[in-house]
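Peer 1: Given these sequences and hints, build the entire structure.
2 protein chains.
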Amino acid sequence: MTEEALELLLHRDATLTEARLKDYYEEDEDIKVLLDSERYSLFAGGKRVRPVLALEFCKLFGGREEAALPFACGLEMIHTASLIHDDLPCMDNDDLRRGKPTNHKVFGETMALLAGDSLLIGAFEAVASNPEVTPEIAARAAAYLASCTGRYGMVGGQVMDLQGEHRKLTLDELLKLHSMKTGALINASCVLGALAAGVSPDSKAMQDTVTYAEKIGLAFQILDDLLDKIGNVEELGKNVGMDEAREKNTFLSFFSPDEAKEYIDRLTEEALVAIRPYPGSDALCSFTLWLSKRTK
Amino acid sequence: MTEEALELLLHRDATLTEARLKDYYEEDEDIKVLLDSERYSLFAGGKRVRPVLALEFCKLFGGREEAALPFACGLEMIHTASLIHDDLPCMDNDDLRRGKPTNHKVFGETMALLAGDSLLIGAFEAVASNPEVTPEIAARAAAYLASCTGRYGMVGGQVMDLQGEHRKLTLDELLKLHSMKTGALINASCVLGALAAGVSPDSKAMQDTVTYAEKIGLAFQILDDLLDKIGNVEELGKNVGMDEAREKNTFLSFFSPDEAKEYIDRLTEEALVAIRPYPGSDALCSFTLWLSKRTK
Numbered sequence: 001m002t003e004e005a006l007e008l009l010l011h012r013d014a015t016l017t018e019a020r021l022k023d024y025y026e027e028d029e030d031i032k033v034l035l036d037s038e039r040y041s042l043f044a045g046g047k048r049v050r051p052v053l054a055l056e057f058c059k060l061f062g063g064r065e066e067a068a069l070p071f072a073c074g075l076e077m078i079h080t081a082s083l084i085h086d087d088l089p090c091m092d093n094d095d096l097r098r099g100k101p102t103n104h105k106v107f108g109e110t111m112a113l114l115a116g117d118s119l120l121i122g123a124f125e126a127v128a129s130n131p132e133v134t135p136e137i138a139a140r141a142a143a144y145l146a147s148c149t150g151r152y153g154m155v156g157g158q159v160m161d162l163q164g165e166h167r168k169l170t171l172d173e174l175l176k177l178h179s180m181k182t183g184a185l186i187n188a189s190c191v192l193g194a195l196a197a198g199v200s201p202d203s204k205a206m207q208d209t210v211t212y213a214e215k216i217g218l219a220f221q222i223l224d225d226l227l228d229k230i231g232n233v234e235e236l237g238k239n240v241g242m243d244e245a246r247e248k249n250t251f252l253s254f255f256s257p258d259e260a261k262e263y264i265d266r267l268t269e270e271a272l273v274a275i276r277p278y279p280g281s282d283a284l285c286s287f288t289l290w291l292s293k294r295t296k
Numbered sequence: 001m002t003e004e005a006l007e008l009l010l011h012r013d014a015t016l017t018e019a020r021l022k023d024y025y026e027e028d029e030d031i032k033v034l035l036d037s038e039r040y041s042l043f044a045g046g047k048r049v050r051p052v053l054a055l056e057f058c059k060l061f062g063g064r065e066e067a068a069l070p071f072a073c074g075l076e077m078i079h080t081a082s083l084i085h086d087d088l089p090c091m092d093n094d095d096l097r098r099g100k101p102t103n104h105k106v107f108g109e110t111m112a113l114l115a116g117d118s119l120l121i122g123a124f125e126a127v128a129s130n131p132e133v134t135p136e137i138a139a140r141a142a143a144y145l146a147s148c149t150g151r152y153g154m155v156g157g158q159v160m161d162l163q164g165e166h167r168k169l170t171l172d173e174l175l176k177l178h179s180m181k182t183g184a185l186i187n188a189s190c191v192l193g194a195l196a197a198g199v200s201p202d203s204k205a206m207q208d209t210v211t212y213a214e215k216i217g218l219a220f221q222i223l224d225d226l227l228d229k230i231g232n233v234e235e236l237g238k239n240v241g242m243d244e245a246r247e248k249n250t251f252l253s254f255f256s257p258d259e260a261k262e263y264i265d266r267l268t269e270e271a272l273v274a275i276r277p278y279p280g281s282d283a284l285c286s287f288t289l290w291l292s293k294r295t296k
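Sequence order for the protein chains is A and B. Take the first sequence: its letter number 65 is residue 65 in the working numbering, and every next letter is one higher. Take the second sequence: its letter number 92 is residue 92 in the working numbering, and every next letter is one higher.
Don't take each hint at face value.
It does not matter which identical chain is meant; a pair holds if it fits inside one copy or across any two.
[As the list claims (entries may be wrong)] With a straight-line cut-off of 27 Å between C-alpha atoms, the simulated DSS-like cross-links for lysine-lysine are: (1) Lys-105 x Lys-47; (2) Lys-248 x Lys-176; (3) Lys-248 x Lys-105; (4) Lys-100 x Lys-22; (5) Lys-176 x Lys-204; (6) Lys-176 x Lys-32; (7) Lys-47 x Lys-100; (8) Lys-248 x Lys-32; (9) Lys-168 x Lys-32; (10) Lys-176 x Lys-22.
Bear in mind the hints are in silico, worked out from the structure with no lab data behind them.
Peer 2: Following this line, the structure appears as structure tokens:
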């Protein structure tokens, strides 16, 4: 796929997702500040990586994108919730996100806390009430998303991350941390897309989906660490050098930047191997390569 | 039902729920502090009102209690999450809950935030993966629980509550606030119990369930307001007089304590009318009366 075609596709997926996300909001003057706070972060121009994965995995396995769209919305809501809570003073205390002041800098800590809670809950509403799939798929998707994001997934990973500050983790600990903190939601994105297409949980196609997701989840995090070290504040839209300032454990404690790049390339190739055999994998392969070269 | 029989029943429902709640936790040294923080609040000896409602509504409509148990656990997890977040310094800044220091006083703000997030997410995992009901019921229950607790339910009500501090709300605004903040989760508790029994969403039985829930949800909140004014710190296990100190809007801005008690009795009777005709409603009727007379 050409770079232009990929850009069009990404733009289309993001636009579809954003249009659908708006459907979950109905104006209510009594809670206007909550709705504004949620939408401030939800529509702050993220890359929509998780929705793209859900939509493209659904299409890879012959599904209709409408079936994956509510899942894509749920994934983006829960991702946004985690960013809002991560930025809070009692967590990373960040003031810049996607080139804009963080949620609590604009709406205050209380509203940022509640906006995050609302987005977490809203994610499960979107997924469990997906009208385009069978109730069996909706229930399975909601349960899977929860298992990937709760205590043994994303939130548990955030805890390991915080616990690891000021203490040197082993590479194994770091791998576990990131497979939970970042990897699990990326895994959920691919799996929910496949579920929307009707892929059975114990099929070869689902195994390949999970293999792909594990590889790119890790590659994604290593690149995040690399960008925090060598990236550009303006491009990234967030402060850099923060991992070092916070004495966080990153992959760059174990690899040089060049080794990290090689590792990303190897993981990317392994991810591609898992999906390339499927007809129509061109778009997803191009996206995978794009992800590995991103500068923000 | 005699007082002794009711006490036995409540004890049994609470014990069943607590045993099942433990199933959602598997030890993991790397996130021990998160699991401890969640369990500190989850097993702090709450009244288990929401699990009792779910279990008893399920039985009222001929369902098996095993079918409602995962829903009961989800309801208690989300309720506990809301208490942990409500007590945070950026919210009500409370230091006492159920007679013990609040979660953040013991585990710190960061862990309290993440324990709340984990319990919110865990609630949906428990509900969506309920193995004792059809996927259709599990998906419907998860979506309903989310709609009752998200931006247009519990969290929205918390926002209205905070917005209303230092400003006098009308009675209509206060009724809306509480139907969202407290009422919606009580509503979900009754409805999820009925769903577990296979009650159809558009049946007369479900209408009666919702009528009952609306009445006791309101009675519950008025009594909460009353106990904050005239209750006993030791019995309540939390500080009293806090509503007035925070200039919160309560029903006691509109009613005298005696009028409030009469209002609670009237709502309780209306709730009983909705369920009394069902055979086997004796236990639930006794519980409803007990709820209206509670001193904590």
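Peer 1: Now, for every hint given, state plainly whether the structure supports it.
Peer 2: Structure-based check of each hint:
1. Lys-105 x Lys-47: within (22 Å within a copy, 38 Å between copies)
2. Lys-248 x Lys-176: For Lys-248 and Lys-176, only the intra-copy Cα distance (15 Å) is at most 27 Å; the inter-copy one is 45 Å.
3. Lys-248 x Lys-105: Result: close both inside a copy and across copies, 23 Å intra and 25 Å inter.
4. Lys-100 x Lys-22: Cα proximity of Lys-100 and Lys-22: one copy only (21 Å, versus 42 Å across).
5. Lys-176 x Lys-204: Only inside one copy: Lys-176 and Lys-204 sit 25 Å apart there, 51 Å across copies, limit 27 Å.
6. Lys-176 x Lys-32: Between copies only: 15 Å across chains, 40 Å inside a chain, cut-off 27 Å.
7. Lys-47 x Lys-100: Classified as within; 15 Å inside a copy, 44 Å across copies.
8. Lys-248 x Lys-32: between (37 Å within a copy, 19 Å between copies)
9. Lys-168 x Lys-32: Classified as between: cross-chain Cα gap 18 Å, same-chain 44 Å, threshold 27 Å.
10. Lys-176 x Lys-22: between (35 Å within a copy, 24 Å between copies)
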